[in-house]
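Colleague: With chain A's structure known, arrange chain B on it following the hints.
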Amino acid sequence: MINRKDKWFLSTAMLAVLCLAVLFLPGCWNNRDLTEINIVTALGIERSEDGKILVTIQVVEPAAIQSTASGKGKGGGAQPKPVFVLSYEGETVFDALRSMLSQVDKRLFLTTAQVLILGERLSKEGIVEVLDFFQRDHEVNYEMDVLIARDVTPAELLEIENDIDPIPAMYIKKTVENTVSRAKVKRTILIDLIKELSKSGRQPVLGQIAKAGKKVVRTEGTAAFKNGKLIGWLDPYATRGFLFATGKVKSTIVNIPADGGKISMEVIRSNGNVDVKLKNGKPVKLIVKVNLEANIGEYEGERKKVSPDYLHKLEKIFGEEIKKEIGRAINLAQKKYSSDIFGFGEQLHKFHPHYWKKVENNWDDVFSNLPAEIIVNAKIRRTGFIKNPIMKER
Amino acid sequence: MIRKVFGKLFSRLVKIESDKKCDPETNLLKDIENLDLTADLKANLHRIKQILGDSPDVVIRTCRIGWKQEICLAVIHIDGLVDKSLVNDDVMKALMLEVQMVDRKENLKGKHILESIRDSMLPISDVKNVKSFADFFDSVLSGDTAILVDGSDVGLAVSTRGWKSRNVEEPASESVVRGPRDGFTENLRDNTALLRRRIKTPHLRVEAYKIGKLSRTDVEIVYIKGIADEKVIEEVRRRLRRIDVDHILESGYIEELIEDAPLSLFSTIYRTERPDKLAGGIFEGRVGILIDNTPFALLVPSVFAEWIQAAEDYYERYPIGSLIRLLRIGALLSSLLLPSFYVAITTYHQEMLPTVLLLSISAAREGVPFPAIVEAFLMELSFEVLREAGIRLPRPIGPAISIIGGVIIGDAAVRAGLVGAPMVVVVAFTGIASYAISGYTASITMRFLRFGVMVLSAVLGLYGVMLAVIAITAHMVSLRSFGVPYLSPIAPFNVRDLKDVFLRAPWWAMFKRPRLIGHNEPIRQDYFLMPRYFTDEEDEPVHERRDHDD
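As they're listed, the protein sequences go chains A and B.
Per the numbering used here, residue 38 is the first one in the first sequence, and the count goes up by one each step.
Per the numbering used here, residue 3 is the first one in the second sequence, and the count goes up by one each step.
With the rest of the complex left out, here is chain A (with noise of 0.2 angstroms):
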């Protein structure tokens, strides 16, 4: 028999235990102060010759953003400089990015990171493995841009500072965004990206970053992967065609010919998606299929009215026109670089599994070889039409 006191002890022990565990149960946890870390805005990896690792970051000085932002247009006085790029060769990600302690004060904060550039020469060799570090690691934000670095090394585009933005990683950032309102390259963020690397059936693609002039980059074209390395570009107008083609594209500017001059379409819905065709259970034709609504931006055409049948007429070139650039997409991937980066091998997994289990090994084979079919079903909604133009009808 338990007496009260004895009773009272065991529950009041009981529960210290449990607050006890409760404290420590929850996993990892540190306390560290904003004034103790380093505000790392950007990584770039790149592989040197020699075959390590050099891993170059952007890291704030949260007290110089506030100057040159209060500080615009003031001009002279010497201005901190509000980041600094520094680069650091080891032999994975992980240990350049600890010994490069030894060259900066505090933590390194990788949370804040918003864009990852990954060097040419890496990316040929592959991205698999450097990516590892980013799995693993617990203060890595999923959300940031992924890009590969054409014709420069990732730390040299780090390294541009200019008036857009104090922070040049928020400044590419912004870039690759924007593709929302141009579609001319893809954005990518780093989870997506792990997601697509361990898929079957669909090979990856990545923004292509590169440098437009002193001061300014270009976010424009993709970059194919096969089997997580890099095997070729797409230019600008081949990456709007897989942007149609994967029913990406939010807006963009279109260029068709009009009678004696241009007309600019602006696309403002747009979906699209590819499937295989099978016959006899065997693939026998890839279907792309895009539907989009367009309204006329500019015209520089000779007419001054637009009748419905012209209209006609111009959804059809309009049509014609995305067509090309599908096809010019799909030949790049199937002829040139033989990777499937539709995902139409993820089709056929989906929705014939046995068969894919089959063709899985050798499905860039077979996918190189089939013909393709693409249906573009144009139309054109608004022309934009407030007032007959001021141009004369010739």
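Keep in mind that the hints were calculated from the coordinates and are not lab data.
Beta carbons: idealized from backbone N, C-alpha and C, even for Gly.
Check before you lean on any hint, since a few could be wrong.
Computed footprint of chain B on chain A; a stretch qualifies when at least three of its residues, placed anywhere within it, have a C-beta under 8 angstroms from a C-beta of chain B [what the hints assert, rightly or not]: (1) 69-75; (2) 96-102; (3) 144-155.
With beta-carbon atoms standing in for the labels, derived distance ranges [to be verified]: (4) B:Met468 to A:Lys251: 49 to 59 angstroms; (5) A:Lys251 to B:Glu386: 52 to 62 angstroms; (6) A:Lys232 to B:Leu531: 34 to 44 angstroms; (7) A:Lys251 to B:Thr475: 54 to 64 angstroms; (8) A:Glu180 to B:Gly485: 19 to 29 angstroms.
Modeller: Same frame as chain A, now just chain B:
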């Protein structure tokens, strides 16, 4: 468990105290207990003088009245507590002139003089008989005028109360934009009158108690019979009777002596200065407690939801009242949690912040030598000190201090690099938010708890904040106020009563009284009172109406 520990601690302290054995006031009171007036006027007066002492404000007027000046009597009152003109013009005049005239005709000598005076000569409505010295002193010391006649062992207590009291003014701590502007005063009778003006039902009951062995403070409980729960009323009575202290100066004494959770930070008794709020509560079926000499009245049972209900919610149209109430909930939560959230996120969960915001906070904190929690404590404490000083300051220097305080907290601390600017914003907002809660007690509780949550957030991050919230909620759920769960109608959940918690339903939708409080008479009003258009064929429901003219 906390209750157990504290209870033990307190009882230990009490034991030490009681061992010393000092109880002077019971001795003091013993000499008038069980002591009756005698028929001998001289002996009575002697005893009165003995007990009251030689106080200059005690007026004892002996006089001989009647046709032949044969009737000996004494008039006793306390100067300052009585209405002098009433005593002179009515009581004294009647005694001296009226009695003389009647005595001449009927010869009162030897008859029941006291009864005749009471029944036919004194032109004052409120007259009572007093038999014991205890009654006698209770009356006289509350402002009555006592008349003792030689030969009678009963005295008369004539109500001549009239002292200087404050006018009815707008309550200082609970002002409104729309709504009545009268507030309770220190005078209990004025307060019951203010209540009676709002509740004219004959079922309004006022029960009087005298509490405090030395102060003999008048305490009255008010409720509507039939609506208020009998059990609650009985519980209030029981708890009031239990009180055995020597003095009551403010409603806080009563509150502490009758509340359900004496060790909790949360107050389970609502207090208000507004007669309309008290009346509203009484109409719902609550019991009000009015205490003499304080403008604050108590209202039981009280639930947590009252913290976010302000008088104005009910006077403004319901959409506005509801929106403002939502705002107030936000203010309540942020006054409790905002600094802790800030501390937790900037020291543990930086990844939760958008990068740009992180950069600007980080830039503002650059060079600050303290960790975020020290910074937060520094600012919160200086704000609390400033607030406290603002209350205690003599009025003329108030503005000066608030300006200096504002400059120091807001600007100088940031420029000196002691704190970051975002922390100033957080503290300032928290400070203001804590006053958006209705009820000063509530805001004090929130401010107090805030520091605890801040410590937890500094040690455990957001996880600590969540633990604190869970602990506070668990504690609140365990509270009861006069039998009503403190968090009702949220826990125990009651959909019907939610009409007056987060939002305020329109008055035509408030069909029923709160389930746990007004269950005696749950129906408040008719259904279908929503204003609408009636066609000619349709009869508009006409309610019985009593017009003043016919």
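Colleague: Could you work out which of the previously given hints the structure breaks and list their numbers from low to high?
Modeller: 6 and 8
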